[in-house]
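Using the sequences provided together with the hints, build the complete structure.
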Amino acid sequence: MPSPRTAGRYSPSSSRSPRRVRCRRRSTRSRPRSRPACTTSSSRTQRPIRRPSTSTSTARSSASTPRAPTAGAGPTRARRRTRRWSSAAPRASSSARARSGSSRPASAARPSSGRSHRVEHGDFRDKSYWLTTRAYEPGPPLPGDRTVDVAIVGGGYTGLSTALEIRRARPDLSVAVLEAEVVGFGASGRNGGFAMTLFGLDLAVTAARFGDARAAEAHRHMRSAVDAVGELVGRERIDCDYTRGGLLVVGFTRAHVERLESEVEHFHRLGFGDIELWDGARVRAAVDSPRYLGAKHDPFCAVLNPAKLCWGLRDAAVRAGATVYERTPVAEVRLREDPIRVVTPHGTVRAGKLVLATNAFSRWLPALHRKAAPVFTYVVMTEPLDTTRLGPIGWKGRQGIEDARNLVHYYRLTADDRLVMGGGAVNYFRGGLPGADLDERIHADLEAHARWLFPSLEGVRFTHRWGGPVSVPLDMAPALGTLGDGGRVFYSLGCVGHGVSLSIKNGEVLRDLVLGEESDLTRLFFVNRRVVPFPPEPLRWVLAHAIRDGLVLHDRWAERGVRQGPGTG
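Heads up: the sequence shown runs through residues 1 to 569, numbered per my numbering.
Since the hints were derived computationally from the structure, they do not count as laboratory data.
Fair warning: there could be bad hints in the mix.
Claimed, not checked - Simulated restraints, written as ranges between beta carbons of each label pair:
hint : residue 1 : residue 2 : range
1    : 538       : 208       : 36 to 42 Å
2    : 461       : 487       : 53 to 59 Å
3    : 234       : 276       : 40 to 46 Å
4    : 254       : 515       : 49 to 55 Å
5    : 134       : 397       : 22 to 28 Å
It should be emphasised that the depicted structure is a prediction, and the values quoted were computed from it without experimental measurement.
Virtual Cβ for every residue (Gly too), placed ideally from N, Cα, C.
Have a look at this one:
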């Protein structure tokens, strides 16, 4: 589930993985076991990681949704599994937030008619409102066999920032990015557009898991990540509606305010005295909702158009000399060969080093599948608000806002004064199959919650709905590093819905890892850390839902006596 408490910021950096994987099983039972008989461990003879030809079945879009239980940042209907283990991973690509509830087949980011349709190849602008805000012509697919120094699978924030940073540091190295759909198709083009400092679930969870010293290290790193986004936008002249107005974490119950008081005190103990606790009057003077009782203010947050940022990052990487191949799904990866072979329908890329920047779309690779789960989060957007609707709210500072729940709601204004509201409940699907870009109930809850917060929005028209997956490790903390012991394969995942800033900064970390340079970035505690693995299915599904349901119960307890209507999550 998306970061329980972070459901839905972004999930950043992941790109779409190859369409399907089939691995020969050890058992010939008709009911498949949860783990295929292939491995990336250097101690075994490794079979190639392979996806069957697309002719074997009709490709499923990332807009379909399994009928099993649900999860939260994007939504597909799964084909019944047969004797040979196979998974239909969506044709998604970059990296979003989440909310629980039922799922149903649906398209994504289109006017909220409630009708569903399959998203065909090339129909990428239907995946979110952001993807309609700039003319973008996808680049060509891989034109044939190529040999490069570094291959990167995934054309989201992580993959593109890694390509840019490697080329800036070593212009003599050839770098190729392979994107299964188009740049920005995944979470990088669907998230809420928050560049923020949140690491993992929240400060308390990070401190409990790793200790206060590492929690402080993580927060310092995330502040530098927010700065890195601003520096990238300025240096590369990326037009992405970037506005740095800070973040308000608001409370609308006494339990929320107590939680915020405790968190602000914790930040002050760690040396971050510029994080402030605002009382209800001060919050309402900035953003006027009759529900607000108090807030935590963090000056390190910017809001932006995530698709424009991703496309601008792609342009910067190309200017730096990287090559980006779009609509080039990876069908097979041969990690034990030298050079590594990455096979696509259009040709084979041979590379000395490989970066797996697939984040929430990593199910096709067993070595990454158990490190994190794809959790689905959802977003709604209003028509542009006129002065009669926006005037009573104020919001002159254009801060990003989220609430103090576990399954947070997050919201902000766009450049043309639309309200974007995301988060709330999250969905996880058995087997981790990404799907269900739309969830009618969750989207309706988000719309109701927006009206509950801001009475002037009564009767406003919501024009867009969409969703997408975020990558969530079991211990709620990001992970990246070297895969195996050969020093040739690298990965990044687990942004827990806060990937805009973190994924951009992870490009610098992966640069140093790929180049073999020890630095302050490669010494960060979460680089090459041991990730607590998810168990195999069906225990994985049981555990994911148990965690989600526990967070829901805690939220309901904190909000007892507060009538929010259906938008409570």
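Results for each hint:
{"no.": "1", "hint": "538 x 208: 36 to 42 Å", "result": "28 Å, violated"}
{"no.": "2", "hint": "461 x 487: 53 to 59 Å", "result": "54 Å, holds"}
{"no.": "3", "hint": "234 x 276: 40 to 46 Å", "result": "27 Å, violated"}
{"no.": "4", "hint": "254 x 515: 49 to 55 Å", "result": "52 Å, holds"}
{"no.": "5", "hint": "134 x 397: 22 to 28 Å", "result": "25 Å, holds"}
Comparing the model with each earlier hint shows violations of hints 1, 3; every other hint is respected.
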